[in-house]
Each structure stands twice: as structure tokens, then as C-alpha cells.
Amino acid sequence: SQTIHQWPATLVQPVGSPLSLECTVEGTSNPNLYWYRQAAGRGLQLLFYSVGIGQISSEVPQNLSASRPQDRQFILSSKKLLLSDSGFYLCAWRQQYRGTNEKLFFGSGTQLSVL
Amino acid sequence: GEDVEQSLFLSVREGDSSVINCTYTDSSSTYLYWYKQEPGAGLQLLTYIFSNMDMKQDQRLTVLLNKKDKHLSLRIADTQTGDSAIYFCAETFTGFQKLVFGTGTRLLVSP
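Here the protein sequences line up with chains C and X, keeping their order. Take 1 as the starting number for the first sequence in my numbering and just add one per residue. Take 1 as the starting number for the second sequence in my numbering and just add one per residue.
Please note that the accuracy of each hint is not assured.
If you want the ones that stay clear, here's a sample from chain X, every Cβ over 10 Å from chain C, calculated [unchecked claim]:
hint	residue
1	Val-12
2	Asn-21
3	Leu-43
4	Gln-59
5	Leu-61
Keeping only pairs whose Cα atoms sit at most 25 Å apart, straight-line, the calculated PhoX-like set for lysine-lysine is [claimed, not checked]:
hint	chain 1	residue 1	chain 2	residue 2
6	C	Lys-103	X	Lys-36
7	X	Lys-67	X	Lys-36
8	X	Lys-67	X	Lys-56
9	X	Lys-70	C	Lys-103
10	X	Lys-36	X	Lys-56
11	C	Lys-103	X	Lys-56
12	C	Lys-80	X	Lys-56
13	X	Lys-56	X	Lys-68
14	X	Lys-70	X	Lys-36
15	X	Lys-56	X	Lys-70
FYI, nobody ran anything at the bench for these hints, they're computed from the structure. Where is the CB? At the ideal position from N, CA and C, for every residue including glycine.
The following block holds chain C by itself, in its conformation from the complex:
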């Protein structure tokens, strides 16, 4: 069966410090991978998605970047965090689109507080 791992669960970082959040998927190959951010009272915002190694699509301009160094690894990074980067970050995966309903599965999330 497939599983998705996301860490750390909680992170407190000072403004201006770097960030690296990691997400890995097991039990599948060539998945689509996603980073979402959930800010308080603002719903779920898609930040990045990837359909393959080294392929990153950015949905919104921001202070963050994403990388996919391996097939089942997705990393969210920042060189210098801003206060506005605080939020709940969720990694997700789904099978490559094949013209059928491909469900999205989520990790347990990382609560990031930038102080």
C-alpha cells in the first residue's frame, strides 16, 4: 500500500532563516506531487506541483521554492523566511492522470510558525 511521509510536524523558525520541508511517498512510482499551504481562515492554496523528477510548476509567486530530486521526494524550501510564510503546509500525491478519477492523498502536515 502507498504511504506519504511529511516532516517535521511542527517547526518554529525566526524571520530570515532558511527552510526545508521534506515529503516522501512509498509504494508507488512516478506520482504527481503537490505542496499546499493552509493559512488561518484562508483555505487551501496550491503552491507547487510536480509531474516528474526536476519538473516543478509554481502556482503563485512567493518566497518559496520546490524541488524534486528523486521520483518520490518533494522538498519545499526558502532561503529567508518571512512572517507571512507561517501556515500549515501539506504535501500530497496522486497517480499520474490517465483520464480517470485519480484521488489526492495528503500527508499529515507541517505547522510552520515564523517569529
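With chain C's structure known, arrange chain X on it following the hints.
Positioned in the frame of chain C, the structure of chain X alone reads:
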């Protein structure tokens, strides 16, 4: 364009039915989903409906889709305190690689 909206809050008493509503703007959506998020956790898929259907029932959950009005609803029968969570609707489109989520509705069930 892609825009999915939901009301922010819903409060019901235990045992009553809950109806969570969602409106979307893009008529080319293929599948529509309902996800549940419990506090401090990721999202779990509850149910989904294909765009050529107008109703789907799954135990206590009933999904209604009105394509003409671009309106999706989730009815939870006999709502329990364990149903308290944030509920997100989402849509996807033919050939798209992503899901677009609504703003989420926080359901509070009181005893």
C-alpha cells in the same frame, strides 16, 4: 477560471442533518470531491462524484450536484460530534494535473 467557494462556518446539534454547500465557476470540471480535515491533520477523502452524475450516496453521506447552477452539496445524516472538522470541496478538470480546493467549511457539532 477556477474559483471554488464555501461558507466558512456551520453549527448543528448532534443527531441533526448537516448540509455543506460549495459553488464553483468552471463548468468543465470532471470530478468533484469532498475532503475532511480534523484538527492539526492532513485531509482525508470522504467521497467524490463524477460530473455527469447528480447524486451519490455513501452511508450517512449524500452528495448532490447541480451542474446548471454549478452547485455541490454534502449532506451528513445523523451528525455526530466526531463529524466536527473542516470540510473542503475540490474540483478537477480533464487533462489537469491538479485539484482546486474551496476555502473550507468548519462544521461544529454540539451535543
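Quick rundown of the hints versus the structure:
{"no.": "1", "hint": "Val-12", "verdict": "holds (21 Å)"}
{"no.": "2", "hint": "Asn-21", "verdict": "holds (15 Å)"}
{"no.": "3", "hint": "Leu-43", "verdict": "violated (4 Å)"}
{"no.": "4", "hint": "Gln-59", "verdict": "holds (18 Å)"}
{"no.": "5", "hint": "Leu-61", "verdict": "holds (16 Å)"}
{"no.": "6", "hint": "C:Lys-103 / X:Lys-36", "verdict": "holds (14 Å)"}
{"no.": "7", "hint": "X:Lys-67 / X:Lys-36", "verdict": "holds (23 Å)"}
{"no.": "8", "hint": "X:Lys-67 / X:Lys-56", "verdict": "holds (14 Å)"}
{"no.": "9", "hint": "X:Lys-70 / C:Lys-103", "verdict": "holds (21 Å)"}
{"no.": "10", "hint": "X:Lys-36 / X:Lys-56", "verdict": "holds (17 Å)"}
{"no.": "11", "hint": "C:Lys-103 / X:Lys-56", "verdict": "holds (17 Å)"}
{"no.": "12", "hint": "C:Lys-80 / X:Lys-56", "verdict": "violated (47 Å)"}
{"no.": "13", "hint": "X:Lys-56 / X:Lys-68", "verdict": "holds (17 Å)"}
{"no.": "14", "hint": "X:Lys-70 / X:Lys-36", "verdict": "holds (21 Å)"}
{"no.": "15", "hint": "X:Lys-56 / X:Lys-70", "verdict": "holds (16 Å)"}
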